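Per the numbering used here, the very first residue in the sequence shown carries number 23; after that it's consecutive.
A few of these clues could be false.
Simulated restraints, written as ranges between beta carbons of each label pair [as the list claims (entries may be wrong)]:
hint: 1; residue 1: 229; residue 2: 138; range: 19 to 27 Å
hint: 2; residue 1: 214; residue 2: 261; range: 19 to 27 Å
hint: 3; residue 1: 116; residue 2: 28; range: 12 to 20 Å
hint: 4; residue 1: 261; residue 2: 26; range: 27 to 35 Å
hint: 5; residue 1: 225; residue 2: 122; range: 36 to 44 Å
hint: 6; residue 1: 157; residue 2: 235; range: 44 to 52 Å
Hints listed in this document are in silico derivations from the structure and should not be mistaken for laboratory results.
Remember, it's a predicted structure, so these values are computed and weren't measured experimentally.
Just so it is clear, CB atoms sit at the ideal spot from N, CA and C, and this is done for glycine as well.
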Amino acid sequence: MSNHGDRIRDFFDRAASRYRNDPDSATNRYFSERLYLAIDLASPGRNDRILDVGCGTGLLYHQLCDPVRLDVGPGRFEAPKNYLGIDLSPGMLAKSNIPTSQQKEISVANYHAKTEASIRFDLIFALGLTTYLSTKELDAFHAILSARIAPGGQAVISYTHKMSYDFQFRDWLNRRLGSWFPADSSLGRDFSVLATTPEQIADILPEQLSIQKVEWLSPVFPGFSLLPTGFKTFLTKRDTDNRWRGDFILLITRR
């Protein structure tokens, strides 16, 4: 694993203790919006072969479970049988509810290198992953998408928006005041993060992949949530450059 990959793994191992599996908690509100939007875009079917890259504590897995409880005991759900979650952080996986048979501690590059080329997926999710890749790793990730998505299959990928006020402000704080913040926080991290735009992604995607839809996430700029609802609506409706949006999600199809 690269030095960058080591730092990312260590960062999430440290952060794992404060992660929760409840996407509707107040601290996870932004992540829950991203999660629900991704599922709506993909509309996964019960028999779809699903790869969850950077599965973390298993928020996506939990949401993919059938909400109808079975007669096998309280709190049990019917789980997707063709799901696989991979993550390079053992600390995050240890907090997940993903069955051990459906999770794997490995980076996406190593998974691709060590798995039979014939294994394909109908759906690939990567929510929050690309932010923590290097530019070289991002190119490799897109190549892996092209190789691992079955023809006609889809990927739902989130990216950090390079032009957003949120990214620019947090990046400024990290570069100038990062040592003041905990090492397991986004502001105290000891590595750079990757931010981009939909246009840049369209330019670098392998030719087998095409963008079908772009969705923007709600603002996460510090203090924005405290503003009156009417003022927030006013800002976002006039945000033609999406600078008040922190992330965007792409629905990508393989030809």
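**Violated constraints from the hint list, given by number and in increasing order** = Structure breaks hint 6 only.
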